[in-house]
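**Q** Top to bottom, those sequences are chains B and Z.
Going by the numbering used here, the first residue of the first sequence is number 54, and it counts up by one from there.
Going by the numbering used here, the first residue of the second sequence is number 122, and it counts up by one from there.
FYI, nobody ran anything at the bench for these hints, they're computed from the structure.
Idealized CB from N, CA, C, for every residue including glycine.
You may find that some hints are simply not true.
To be verified - Selected chain Z positions facing chain B (in silico; Cβ < 10 Å):
no. : residue
1   : V137
2   : T138
3   : G270
4   : H278
5   : A281
6   : T320
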Amino acid sequence: MRKFSVETGVVLPLDRANVDTDFIIPKQFLKSIKRSGFGVNLFDEHRYMDRGEPDSDNSQRPLNKSFVLNQARYQDARVLLARENFGCGSSREHAPWALDDYGFRAIIAPSYADIFFNNCFKNGLLPIVINKEIVSRLFEEVVATEGYQLSIDLAQQTITTPSGEAIPFTVDDFRKNCLLKGLDDIGITLQDADLIKGFEQQWRDQSPWYFGAE
Amino acid sequence: MTGKTLYDKIWDSHLVTQRADGTSLIYIDRHLIHEVTSPQAFAGLREAGRNLWRADANFATPDHNIPTTTEERLQGLEGIKDPVSKIQVKTLDDNCREFGIFELEMNDPRQGIVHVIGPEQGATLPGMTIVCGDSHTATHGALGALAHGIGTSEVEHVLATQCLMQKKMKNMLVQVDGELQPGITAKDIVLAIIGKIGTAGGTGYTVEFAGEAIRSLSIEGRMTVCNMVIEAGARAGLIAVDQTTLDYIKGRPLAPVDELWDRAEAQWRRLVSDDDARFDSVVKLDAAQIAPQVTWGTSPEMVVPVNARVPDPELEPDATRRSGMEQALEYMGLDGGKPIINIKLDCVFIGSCTNSRIEDLRAAARIVEGKSVAKNVELAIVVPGSGLVKAQAEAEGLDKIFTAAGLEWREPGCSMCLAMNADQLGEGKHCASTSNRNFEGRQGFGGRTHLVSPAMAAAAAIHGHFVDIRDLGS
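Work out the full structure, taking the sequences as your base and the hints as a guide.
**A** Here's what the structure looks like:
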């Protein structure tokens, strides 16, 4: 997994609560058996005027110029500023894959849906929870200032604004460590393989009906 | 010492190890697999040179991408016209063969939506931990199993380690006391719950459903309730084991028999929350107050009783909520204040992991029997949840009732719930749907979804607009 230490970049304000995973990446793009290439279809139904298909030539599709992602001032955004319950709906990991593939490195929102939140960490994407009032203030600052950037320091757990204000955030220690070092969950878990085998044996003895015939 | 909730009990019995920071390894008994969220996980396993931990814990079927017309299905994989979908379904078959995983392939008579066939086959048992790369895995909580959706990285993690890395959730109790009015179903209960606590109300919790109205539901009804707990933000929903649960499981192909059954039953009967268990949050509803529910917007929390009106955003004081309502109404082509029963429908979809079981089809058939679909309804389809549900419905003559009334009778799959296959709702069209999500574009680009119960969808098909099924008097 890609490491996350300090990321600085343009902030894209997506001013909408309950952004669901169908909004982030529509279902027709989930037919792919790959893990990459979803960025060009991020927010597809709002970003383009027509209906996209996996084989569409996206460079030829009409853009929805009023959608925030298409505005010149937000090109090359690296930080997504969002509202409550971001990423609700399905478990599709294609949602964080699409955000990551587009170039986002972090999300800032007052709250997230559980599965989406969890999926982000598995992909080197940092979802930061900040209280609603601060998020609202950041929205105002982003909209008021062209080229507005935030700098996110995971080790220090701070977001630094252009004026130099440092906003602290909390993050789970285990997840922080994995992101900082780019650790792979499966590798970590397999270090406990003997514990898993031991558990499995006693569980099989106690509840054999959960195990198939051998 | 305070007692334990049902969630506490299943969690404790599956705890492999807990780290100092509270991150735990939880053993997974059953891993359900479908074609959409698994290919990258199998590829990851292969790339890392890792082995599958335990083949017999896995149970696979294709459901999201497959066609539902009989003509297409009869052609097997070749019947999947979309080449990208075809590759995905074939990839599942190939992966299951390579790793020795049990799969009910597309045209197996037992194939169906993974959340319908898991319980049907006895692959879902009480007290199990169950995961699947699908948020509606919560469905299986109806049988007293701790079940929730996971992402593809976690699918790979479970394939490689048989465990999930997790922190324990909080406990919420949703108690629905009293008796439902005639015609009110499990779908109305869960939509009313989502309307009350909101689409993020259950975030961070495992929700146990209890109370007289829940206890009186069949297992099919309980599955409908647990299925949609994710629409309230909770990953898992649970219902305590009782005689209804045991009666449902006994005799299922993968359920234990004889002496093992007796031992299992004794263990399963303890799968209830203790009387003195502590919940972090308690929500109560009066069943008698629940009317047939209809969603008007683009989030499942945007729901009102059928006899109400579309809410007016101008009356909403919170700015974020107000703008959400305005965006939803614009997308839905509705104005605040419009009576729900005046919403005209172009399409009716009866199916999905929420409402495609035999009881759902019976309820819908009762409403349409001897009647005809309204002229303004261009498309009305009934998609059974599994091959076995389809066979049962046909044995009861339900297919004939549907087709005589002008509804199409299809082959099992996810179909127009998420419209990954050819079953898509047209742009600007209003659909009465028994599925679980009314998000923008969910049932098709520009499609307008109204979530309802099977009986309400059937009545809407006949009348061409929503009606209060309590007024039908049958």
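**Q** Does each hint hold? Answer for all of them.
**A** Comparing the hints with the structure gives:
{"no.": "1", "hint": "V137", "in the structure": "holds (4 Å)"}
{"no.": "2", "hint": "T138", "in the structure": "holds (5 Å)"}
{"no.": "3", "hint": "G270", "in the structure": "holds (4 Å)"}
{"no.": "4", "hint": "H278", "in the structure": "holds (5 Å)"}
{"no.": "5", "hint": "A281", "in the structure": "holds (5 Å)"}
{"no.": "6", "hint": "T320", "in the structure": "holds (6 Å)"}
The structure is consistent with each of the numbered hints, conforming to all of them.
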